[in-house]
Amino acid sequence: MVTVELTRHLYTFFPHLQGQAIAVQATTLAEVVAELEKLAPGIGFYLCDEAGRLRTHVHMFIGNDMIRDRRRLSDPVTAGDKVTILQALSGG
Numbered sequence: 001m002v003t004v005e006l007t008r009h010l011y012t013f014f015p016h017l018q019g020q021a022i023a024v025q026a027t028t029l030a031e032v033v034a035e036l037e038k039l040a041p042g043i044g045f046y047l048c049d050e051a052g053r054l055r056t057h058v059h060m061f062i063g064n065d066m067i068r069d070r071r072r073l074s075d076p077v078t079a080g081d082k083v084t085i086l087q088a089l090s091g092g
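Residue 84 in this note's numbering sits at position 84 of the sequence shown, and the numbers go up by one each step.
Calculated directly from the structure, the hints in this document are not laboratory data. Every residue gets a Cβ at the ideal spot worked out from N, C-alpha and C, and that includes glycine. Keep in mind that the hints are not guaranteed to be accurate.
Computed Cβ-Cβ distance ranges for the label pairs, DEER-style [claimed, not checked]:
| # | residue 1 | residue 2 | range |
| --- | --- | --- | --- |
| 1 | G19 | A51 | 26 to 36 Å |
| 2 | E5 | F45 | 19 to 29 Å |
| 3 | Q87 | T3 | 15 to 25 Å |
| 4 | G80 | E50 | 29 to 39 Å |
| 5 | T27 | S90 | 26 to 36 Å |
| 6 | A79 | L17 | 12 to 22 Å |
| 7 | F61 | L39 | 14 to 24 Å |
| 8 | H59 | A34 | 12 to 22 Å |
Could you build the full structure based on these sequences and the hints that come with them?
Following this line, the structure appears as structure tokens:
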């Protein structure tokens, strides 16, 4: 299983995920997003645009490494990996 860690700000939009250990079966980041969508409908569109590309305000890491493929999310993941999802915050 791949462990997924979200920043606390994402829990504002998906509060039922807060406090849960999120683990999914996936071999690519695209599959991680698809599995997250099953757990939290709407999170896929929050993370990715209509073409499936990662939105500019969202960043993903596999372990400590930023992902390479923001267009297709084809970066591979394996059992035991940790995927961290962050989003940029702005405001005044």
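Q) Of the hints given before, which are not true for this structure? A) none
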